[in-house]
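S.K.: Same order as they appear, the protein sequences are chains A and B.
Residue numbers for the first sequence, in the numbering used here: 6 to 334.
Residue numbers for the second sequence, in the numbering used here: 6 to 334.
Any given hint could turn out to be false.
Remember, identical chains collapse to one label, so a pair may be satisfied in a single copy or spanning two.
Cut-off 30 angstroms, straight-line C-alpha distance, at most; resulting in silico cross-link-like pairs (DSSO-like, lysine-lysine) [said to hold, decoys possible]:
#1 Lys250 x Lys179
#2 Lys191 x Lys124
#3 Lys179 x Lys253
#4 Lys96 x Lys9
#5 Lys277 x Lys154
By construction, these hints were calculated from the structure, which means they are not laboratory data.
Protein chains: 2
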Amino acid sequence: MAEKTTLAVDALGGDDAPAVVLEGTAEALKEDPDLAIVLCGPREVVEPFAASHERCTAQVTTEEIAMGEHPANAVRTKKDSSIVVGCRLVKEGQAQGFFSAGSTGACLAAATLVMGRAKGVARPTLLTVLPSPVAPVVMCDVGANADCKPEYLVQFAQMASVYAREVVGIAEPKVGLLNIGSEEAKGSAFAQECHKLLSARVPEFAGNCEGGDILEARFDVVVTDGFTGNVCLKTIEGTASVLFKAVKGALVSSPVAKLGALAVKGGLTELKGRLSAETYGGAPLLGVKGACIIGHGSSSPTAVKNGIHTTAKIARGRVPELIAQAVVR
Amino acid sequence: MAEKTTLAVDALGGDDAPAVVLEGTAEALKEDPDLAIVLCGPREVVEPFAASHERCTAQVTTEEIAMGEHPANAVRTKKDSSIVVGCRLVKEGQAQGFFSAGSTGACLAAATLVMGRAKGVARPTLLTVLPSPVAPVVMCDVGANADCKPEYLVQFAQMASVYAREVVGIAEPKVGLLNIGSEEAKGSAFAQECHKLLSARVPEFAGNCEGGDILEARFDVVVTDGFTGNVCLKTIEGTASVLFKAVKGALVSSPVAKLGALAVKGGLTELKGRLSAETYGGAPLLGVKGACIIGHGSSSPTAVKNGIHTTAKIARGRVPELIAQAVVR
């Protein structure tokens with residue numbers, strides 16, 4: 006029998022918590038017989054759920070970190086919140102990973118402060134896998150570090166390459182630096198310095214990646230500072246959302262088109278599904294001592310389920326340990 | 006009779022120059038009887054065209070700036086290139102504006118060095134009008150200044166607000182700062198400082214704009230540094246291109262869908278046309294002494310035509326003068 010993988014799950018995270026989280030957790034448990042969950046949250050939520058689901062235990066917590074709170078302050082003062090307790094379970098070895106769809110800032114702060122940074126990691130990084138129709142694209146940092154030093158991007162490249170190989174299954178990831186031209190000398194002073202360091206220290210580095218190259222999957226991994234990465238990620242999501250709405254509008258613009266729209270609806274729905282961020286269930290935080298995925302606040306049950314599956318995959322692949330080796334090589 | 010507006014046009018700019026430029030120029034002259042063009046380029050190109058078109062004069066130039074050349078060096082050494090000569094015609098008052106689909110860097114350098122910066126302008130800025138299906142959105146800087154000081158963004162906001170009012174026709178433009186959260190304290194140290202300055206000095210400033218807000222047209226004007234703006238613009242274009250391809254793929258995925266696709270084709274083509282960057286014909290450079298639009302290297306004749314029309318609109322609206330007033334107010 007395979008060894009069980011135990012994950013801590015934040016029952017309170019997300020706009021429609023706890024209902025959405027419970028539904029996703031139940032699905033994940035059903036699909037993965039080697040998975041065990043420690044569900045963190047208020048007694049009235051976690052105890053009945055644990056009682057009625059195999060391989061689930063309840064971890065009662067008494068505090069809650071709301072979306073608007075100052076992350077570091079909240080983590081320091083609310084020691085019995087579901088986010089802090091979930092991270093502590095990982096720190097203490099009672100769980101191998103943590104999933105939450107709660108406040109990104111609070112999860113970042115708790116994972117960094119409570120689980121702790123992996124040795125040699127200057128800044129943990131938030132990563133996303135873009136579901137491009139061409140091929141999946143790993144991008145980081147997407148918001149953990151608004152202000153970066155060029156050295157951080159070297160580590161982001163090292164950490165994201167491990168993730169691309171071990172979790173996304175890209176055998177030889179090509180790393181690109183997000184920049185405003187393909188030539189070496191292009192870009193801000195910061196980007197030029199990053200280019201130099203990446204060339205010297207990251208064998209996977211393959212050059213500059215322009216905005217238009219991202220979804221074309223010209224690179225498997227795109228590294229950037231957390232400000233540009235976050236703007237870029239939200240721009241991609243926003244552009245896709247506006248365009249899908251416009252396509253839908255164009256499809257019902259005339260009676261003939263309306264008839265045609267019925268015929269193409271299946272294909273479009275399938276495409277929208279493939280392009281959905283739900284596939285990966287959230288953004289992994291790399292560079293901390295444990296598997297950690299932060300789901301979108303508006304996560305659906307499917308997104309929660311997939312987020313839990315991916316957290317388990319990170320834990321089973323010993324990705325945090327491989328990352329710690331990669332940054333000191 | 007209305008007064009003629011004279012524009013200098015670079016016959017050599019663009020991937021398919023001079024053919025595409027000549028076709029667009031001929032169309033523009035036909036559509037606008039108050040327009041006169043000074044066509045800059047090699048004798049064998051500009052003289053036959055000028056001879057066969059009303060209101061067009063030839064300005065023979067003997068040098069050419071290629072796409073890969075170092076912009077500032079090329080502008081300094083190739084004084085008789087079509088780009089430098091076109092800008093000099095504006096400087097000398099023989100033309101009110103300049104249009105080129107040539108090297109963006111060379112056009113930026115020539116316009117700044119030869120026409121000169123408007124008094125009080127720290128850095129001229131490259132602007133774009135995003136053809137969002139919701140409403141047009143003005144964004145700047147999109148690549149002229151990879152490294153910015155927060156003070157520059159104050160001027161970008163002032164200049165772009167004038168452009169939004171006078172050229173795009175938005176009576177009361179709302180300005181947003183591209184950032185990674187809606188709250189005031191969000192973002193990089195740079196973004197936070199920009200937020201402070203914009204709040205204090207730009208009455209049109211309405212808060213932070215996230216990546217997902219851009220195409221939703223939550224703001225009429227989006228200001229950012231030229232690195233983030235360029236990445237963002239190319240990301241929007243790339244996302245739209247990849248998605249349209251994927252939608253097309255989905256539409257022919259089954260025989261029934263194929264039939265439906267025929268019926269919806271008209272609507273989609275119309276939508277793609279509306280979302281095309283061709284509509285505005287290029288990126289205006291604001292903060293120099295004269296109207297100046299830099300077209301895309303891959304401009305079509307329609308894009309060249311529209312770029313010339315917009316350059317004329319900028320000149321007629323005395324936008325460069327209004328901008329000079331706005332930055333010193």
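S.K.: At most 30 angstroms between C-alpha atoms: does Lys191 with Lys124 qualify within a copy, between copies, both, or neither?
M.R.: Between copies only: 28 angstroms across, 33 angstroms inside.
S.K.: With identical chains, the pair Lys250 and Lys179 could be close in the same copy or across copies; at 30 angstroms between alpha carbons, which is it: within, between, both, or neither?
M.R.: Classified as between; 24 angstroms across copies, 33 angstroms inside a copy.
S.K.: Within a copy, between copies, both or neither: where do Lys96 and Lys9 come within 30 angstroms Cα-Cα?
M.R.: within (18 angstroms within a copy, 75 angstroms between copies)
S.K.: 30 angstroms Cα cut-off: does Lys179 pair with Lys253 within a copy, between copies, both or neither?
M.R.: between (35 angstroms within a copy, 28 angstroms between copies)
S.K.: Between the shortest in-copy and the shortest cross-copy C-alpha distance, which are at most 30 angstroms for Lys277 and Lys154: within, between, both, or neither?
M.R.: Cα proximity of Lys277 and Lys154: none, with 37 angstroms in one copy and 40 angstroms across.
Violated hints amount to a single one, hint 5; each of the other numbered hints is respected by the structure.
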